[in-house]
Amino acid sequence: MVWGPMIAWYLFLAGASAGAFITAAFVARKYPDSVKMRVAGRLIAPVFMAIGLLLLMLDAEAGMHDPLRFVYLVLNPGSVMTLGVYFICIYMPVCLIAAILEIRKTPVPGWLDWIGIISAFCVAAYTGFLLGVVHAYPLWNNAILPILFVISALSAGLAATSLIGLITDRERFEQMWLVKKSHVILSAIEAIVLFTMLVIVNSGSPEGAASVHSLIAGQYAPLFWGGLVILGLIAPFMIEGYPVFITKKPETSTTSLVVSIIGESGVLIGGFVLRLLIVLAALPVAFL
Amino acid sequence: MARYGMLIDTKKCVGCYACRIACQMINGLPSDEAFIKFYEEEQGSYPNVYAENVPVQCMHCEDAPCQTVCPTTATYTTDSGVVLVDEKKCIGCKYCMAACPYNARVQLHPSGVVEKCRFCWYEGEPGNPPACVGTCISGARIFGDLDDPESEICKEIARTNAQPLAGDLTRAKIYYVR
Numbered sequence: 003m004v005w006g007p008m009i010a011w012y013l014f015l016a017g018a019s020a021g022a023f024i025t026a027a028f029v030a031r032k033y034p035d036s037v038k039m040r041v042a043g044r045l046i047a048p049v050f051m052a053i054g055l056l057l058l059m060l061d062a063e064a065g066m067h068d069p070l071r072f073v074y075l076v077l078n079p080g081s082v083m084t085l086g087v088y089f090i091c092i093y094m095p096v097c098l099i100a101a102i103l104e105i106r107k108t109p110v111p112g113w114l115d116w117i118g119i120i121s122a123f124c125v126a127a128y129t130g131f132l133l134g135v136v137h138a139y140p141l142w143n144n145a146i147l148p149i150l151f152v153i154s155a156l157s158a159g160l161a162a163t164s165l166i167g168l169i170t171d172r173e174r175f176e177q178m179w180l181v182k183k184s185h186v187i188l189s190a191i192e193a194i195v196l197f198t199m200l201v202i203v204n205s206g207s208p209e210g211a212a213s214v215h216s217l218i219a220g221q222y223a224p225l226f227w228g229g230l231v232i233l234g235l236i237a238p239f240m241i242e243g244y245p246v247f248i249t250k251k252p253e254t255s256t257t258s259l260v261v262s263i264i265g266e267s268g269v270l271i272g273g274f275v276l277r278l279l280i281v282l283a284a285l286p287v288a289f290l
Numbered sequence: 093m094a095r096y097g098m099l100i101d102t103k104k105c106v107g108c109y110a111c112r113i114a115c116q117m118i119n120g121l122p123s124d125e126a127f128i129k130f131y132e133e134e135q136g137s138y139p140n141v142y143a144e145n146v147p148v149q150c151m152h153c154e155d156a157p158c159q160t161v162c163p164t165t166a167t168y169t170t171d172s173g174v175v176l177v178d179e180k181k182c183i184g185c186k187y188c189m190a191a192c193p194y195n196a197r198v199q200l201h202p203s204g205v206v207e208k209c210r211f212c213w214y215e216g217e218p219g220n221p222p223a224c225v226g227t228c229i230s231g232a233r234i235f236g237d238l239d240d241p242e243s244e245i246c247k248e249i250a251r252t253n254a255q256p257l258a259g260d261l262t263r264a265k266i267y268y269v270r
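Line by line, the protein sequences are chains A and B. First residue of the first sequence? That's 3 in the numbering used here, and the numbers climb one at a time after it. First residue of the second sequence? That's 93 in the numbering used here, and the numbers climb one at a time after it.
Read the hints as simulated data drawn from the structure, not as lab findings. Beta carbons are placed, not taken as given, at the ideal position from N, Cα and C, and that holds for glycine. Each hint should be verified, as a subset may be incorrect.
Stated by the list, open to error - To spell it out: a stretch of chain B is covered by chain A in this simulated footprint if at least three of its residues, at any positions, have a beta carbon under 8 Å from a beta carbon of chain A; those stretches are:
(1) 106-114
(2) 191-199
(3) 203-216
(4) 240-249
(5) 256-267
Claimed, not checked - Simulated restraints, written as ranges between beta carbons of each label pair:
(6) B/Asn195 <-> A/Ile232: 31 to 41 Å
(7) B/Gln255 <-> A/Ile191: 26 to 36 Å
(8) B/Arg263 <-> A/Tyr88: 28 to 38 Å
Stated by the list, open to error - Here are a few chain B residues that sit away from chain A, every Cβ distance over 12 Å (derived from the structure):
(9) Asp101
(10) Ile118
(11) Leu121
(12) Pro122
(13) Ala126
(14) Tyr131
(15) Glu132
(16) Glu144
(17) Val146
(18) Val148
(19) Ala166
(20) Thr167
(21) Ala223
(22) Gly231
(23) Arg270
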């Protein structure tokens, strides 16, 4: 396999960073009083992105020996990786400035927020297109993967931010129905999109079918079912969906706090596992 | 301008690996890094079966996917159609390794640069012939200009009806007799 866990971490952190920024912007508009959660999102965004970029550079061995070479990354606009560099060049400074403004308790101007939201969306999407344009791997080379990555990115960013909100400012968090609802819906959409992708890839080519088989019934099956499907999709859907659709009242018990923490952590673990599995399970097309 | 390509006759190849060693020597590669990989394919049906040796290296594709994805433009194609890597520009991101459907690219150590067969390109010209062709004991390899109908390679491709390894996967410039 060409890429390993380090790149999977990068794909996850970049996506979660973008999701956290978008969550913070959303919270700022809909729930201006939820200061802690907004600040959490604003801080998670640059921190996750910075860690991700560090991992990305560590994986680029020749660049680490001669760091000035990273400048060449802007030279080929026909490469999705170069496009990603353009997006990150906008996103990283914007989310860093937004975080600094937030720390200094200065309101983030609306135009800056919008640049951040759009570039965050581009960053989340590019991580999917990066793999999506590679013809050699049928598991990557399909139109659904970028969509799956964007939804998972939003979900992971929302979970990271919610986790902090849940712990630091629970009373207010429990009242944020719009956030909770979006979370449940995102999990459901992600499950449907994942299912769709696996069906399409499975029918497209023998190598695609073999990749899907290794996920659902082969060597990656325990991680796929345990880490992604149960922990990352079903558990969060049920944990978040219960108060949102069944009891319809804010939770206050300690049990529900613990369960909610498990749900949010599950989304984060699922987000990483999804990318790890997509990176590891992809088999190349046969040339012989 | 020439358009360089290669013909590999798997029916003549005895699987001695001399080409790979010559390639490693001229490119200064250690024993565990090579630009030529050998695949053994089971051919025929019982009882008439044989093992076919298929040496695989960079196909110097005219629509090279490695070049399309290379973010730093370290991968480029010369006027004569040889796909090369500018080692001073490569950051080792491995995107080209993912994009190459022939698994022809190799990350070198300790430099971290990703390299591959370059038709023994030195000082603006490919090898005459490249090391793998020159050393082949059974004459299984022919190197030359695909645009020159009088060249040995063109005549052999026409005579043997040699084809690229994987049909329309890419527009490869290495032809195989199988």
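Here is what the structure says about each hint:
1. 106-114: Three-residue rule not met by the stretch 106-114 of chain B, so violated; n is 0.
2. 191-199: It holds: at least three residues are needed, and the stretch 191-199 of chain B offers 6 whose Cβ sits within less than 8 Å of chain A.
3. 203-216: Three-residue rule met by the stretch 203-216 of chain B, so holds; n is 4.
4. 240-249: violated (count 0)
5. 256-267: holds (count 3)
6. B/Asn195 <-> A/Ile232: 31 to 41 Å: holds (35 Å)
7. B/Gln255 <-> A/Ile191: 26 to 36 Å: Once the Cβ atoms are compared, 45 Å apart, the range 26 to 36 Å for A/Ile191 and B/Gln255 is violated.
8. B/Arg263 <-> A/Tyr88: 28 to 38 Å: Since B/Arg263 and A/Tyr88 have Cβ atoms about 29 Å apart, the given range 28 to 38 Å holds.
9. Asp101: Non-interface label stands for B/Asp101: nearest chain A Cβ at 16 Å, farther than 12 Å.
10. Ile118: It holds; B/Ile118 is separated from chain A by about 21 Å at its closest Cβ, greater than 12 Å.
11. Leu121: Holds, because the least Cβ-Cβ distance between B/Leu121 and chain A comes to about 16 Å, which exceeds 12 Å.
12. Pro122: holds (16 Å)
13. Ala126: Its Cβ never comes within 12 Å of chain A, the nearest being 17 Å, so this holds.
14. Tyr131: violated (6 Å)
15. Glu132: violated (10 Å)
16. Glu144: violated (9 Å)
17. Val146: Given a closest Cβ separation of 6 Å, the condition is violated.
18. Val148: Violated: least Cβ distance 8 Å, not greater than 12 Å.
19. Ala166: Violated, because the least Cβ-Cβ distance between B/Ala166 and chain A comes to about 7 Å, which does not exceed 12 Å.
20. Thr167: violated (9 Å)
21. Ala223: holds (23 Å)
22. Gly231: About 23 Å separates B/Gly231 from the closest Cβ of chain A, which puts it past 12 Å; holds.
23. Arg270: violated (10 Å)
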